[in-house]
Amino acid sequence: MDEGSIILKTINLRKYYEVRSKILKRVKQFVKAVDDVTIEIKRGETLAVVGESGSGKTTLGMVLGKLLEPTDGKILFKNLDITYSLPKNLLGKIRLVFQDPYSALNPRLKIVDSLIEPLQIMNIGRKEAIEKVAHYLQLVGLPESYMSYYPHMLSGGQRQRVVVARALITEPEFLILDEPTSMLDVSTQSQILRLLRSIKKEKQITYLFITHNLVVARYMANRIAVMYAGQIVEIGGKSNIFQNPLHPYTRTLLSAYPSPNPRSQWNPIIPEELTVKYYENKCRYIDRCSLKMQKCEKNMPTDIKVEEDHYVKCFLYAET
Amino acid sequence: MTAKAIHSLLEIKRIRYGLTLFNILLVTSLAVLLLSPFKPTETTYDTLKEPLTQSEKGWSYVLGTDSLGRDILTRVSHAFFLDLGVGLIIVCISGAIGLMLGIIAGYVGGIIDSVIMRTMDILISIPGFILAIAIASTLGGNLWNAILAISIVSIPIYARLSRGLTLSIKENLFVTAAREAGLSNFRIMIRHVLPHVLPVFITQATLELSNAILYFAGLSFIGLGAQEPTPEWGLMMSVGRKYIREAWWFPTMPGVFMFLTVLSINLMGDGIRDYLDPKKRLRG
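These protein sequence lines map, in sequence, to chains X and Y. For the first sequence, the numbering used here gives the first residue as 1, with consecutive numbering after it. For the second sequence, the numbering used here gives the first residue as 1, with consecutive numbering after it.
Where hints are given, some of them may not hold.
[Said to hold, decoys possible] Derived DEER-like restraints, expressed as beta-carbon distance ranges:
{"no.": "1", "chain 1": "Y", "residue 1": "Val115", "chain 2": "X", "residue 2": "Tyr257", "range": "51 to 57 Å"}
{"no.": "2", "chain 1": "X", "residue 1": "Leu91", "chain 2": "Y", "residue 2": "Gly140", "range": "53 to 59 Å"}
{"no.": "3", "chain 1": "X", "residue 1": "Arg126", "chain 2": "Y", "residue 2": "Ala3", "range": "27 to 33 Å"}
{"no.": "4", "chain 1": "Y", "residue 1": "Leu26", "chain 2": "X", "residue 2": "Lys127", "range": "40 to 46 Å"}
Don't read these hints as lab results, they were simulated from the structure. The beta carbon of each residue, even a glycine, is placed where N, CA and C say it ideally should be.
Produce the complete structure using the sequences and hints provided.
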């Protein structure tokens with residue numbers, strides 16, 4: 001397959017959580033963690049998904065990683081519908097790296113046993129599997145001897161390397177990284193990020209990089225998707241988003257990050273309303289938006305193409 | 001690693017005392033079992049002899065004889081292995097079933113959880129010993145039926161315990177990670193949940209072992225467990241009860257043996273529980 005072809009595509013993907021009343025167990029409301037998400041991810045690129053806590057980024061990752069069943073919609077992987085079941089030959093081709101390296105490894109299993117597990121599912125013999133474990137440990141920059149260690153003997157950064165190795169060991173084509181560095185200290189973060197970039201170069205893997213850290217997103221990604229209330233409100237190339245942020249929410253996010261230059265002024269936009277409401281017939285950002293118009297009260301904005309590879313869900317940019 | 005664990009286990013007083021007591025009983029019983037000239041079921045004309053009466057076979061009747069002239073020490077020692085063995089069998093059967101049901105209920109959840117746990121609630125709502133009597137008398141009084149009855153009665157304790165533990169273990173990210181790696185639910189239960197349930201489970205099983213022994217002796221006492229002439233503590237006490245005025249040692253000795261055995265097991269069980277509770281471990 002050629003570079004730039006679409007490896008993963010979602011069509012109107014939805015994942016709702018039901019909130020039930022205490023006594024009668026009737027559905028009171030939905031939390032629309034992922035709502036009507038349609039994205040295309042090209043082979044070899046890194047798409048960063050950014051957004052605040054509760055915006056649905058992790059749920060999106062879990063649905064794509066087949067850990068949660070979507071409520072509605074479709075996931076196409078290499079043009080095959082994998083929404084509900086993954087064909088046998090695609091086993092291990094989509095993998096997920098978790099945020100918390102401290103609890104992602106079973107404390108009672110040696111590193112080698114943790115790493116070998118995904119291979120055993122694929123009916124790979126033990127001897128061959130152990131050779132692979134050694135190879136992948138080296139790839140993530142750990143000595144082979146760590147195989148016989150227990151997780152508690154490793155530091156956070158080392159554990160995260162093990163977790164990355166466990167994801168890579170099945171030779172995935174698509175890797176979902178769910179805030180892989182947010183639990184690590186800053187010096188370790190950069191090591192892991194550099195490692196992830198070099199692995200990507202070597203193995204030609206497509207990344208979906210979930211993060212709330214815009215600096216990390218800028219370092220890792222080719223494209224950025226901004227999520228708010230389960231929707232992707234703005235998506236586009238990295239330079240498009242960072243140099244020309246359009247959606248008011250994207251601007252808020254960008255302004256929230258202090259500049260490393262101590263002389264520059266920092267004026268973050270702090271919204272007054274912080275609860276997220278899942279409106280169906282008006283813009284979901286309306287409670288926080290300082291630029292809201294009458295139109296925003298009546299309709300939900302849809303994707304508007306502003307320039308090449310830059311879409312935004314906001315009426316400010318509608319032509320009519 | 002294991003040697004270290006054993007060493008720190010032995011640092012707890014209760015475990016040391018319990019283990020010492022248990023070993024004394026074990027060695028005594030084993031020695032009597034192997035060396036005694038008396039047979040546990042062989043009757044003689046030396047009926048209701050006082051402790052330390054000299055016998056024709058060279059040994060004295062250390063703990064006296066019963067109404068049929070059998071040496072009580074020999075019978076009590078045989079009963080030690082019988083009762084301990086029965087206790088272990090009960091713990092194994094009920095423990096294995098309870099553990100399995102509990103892990104399945106906790107891991108799978110939903111309707112299966114409700115069905116299993118409500119059944120356990122029904123079992124637990126009837127007093128254990130009464131239910132055991134009911135089951136044993138329905139099936140007919142013999143050793144194996146008593147084992148079965150007590151096993152059924154003991155299942156809910158293990159099921160509840162392992163369900164609770166499973167519920168909290170399930171929340172760990174490594175279980176989700178295993179699911180992500182494509183492991184089947186069965187494999188996750190065996191590889192990731194079971195090893196975390198086992199330590200607590202074993203503590204509970206140790207404590208339950210003494211209960212099982214007491215229940216079994218109880219059933220035998222009322223005639224629903226072991227039958228004559230099997231040497232069994234409860235049965236011996238039940239027969240000896242009638243002779244308590246003439247021969248106090250007849251019902252007393254099996255009782256003392258049972259008391260010491262149960263005490264030693266309980267001490268060990270409590271000690272292991274303390275060992276697993278980090279707060280108590282600090283105090284020693």
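Evaluated hints:
| no. | hint | result |
| --- | --- | --- |
| 1 | Y/Val115 x X/Tyr257: 51 to 57 Å | holds, 53 Å |
| 2 | X/Leu91 x Y/Gly140: 53 to 59 Å | holds, 54 Å |
| 3 | X/Arg126 x Y/Ala3: 27 to 33 Å | holds, 28 Å |
| 4 | Y/Leu26 x X/Lys127: 40 to 46 Å | holds, 45 Å |
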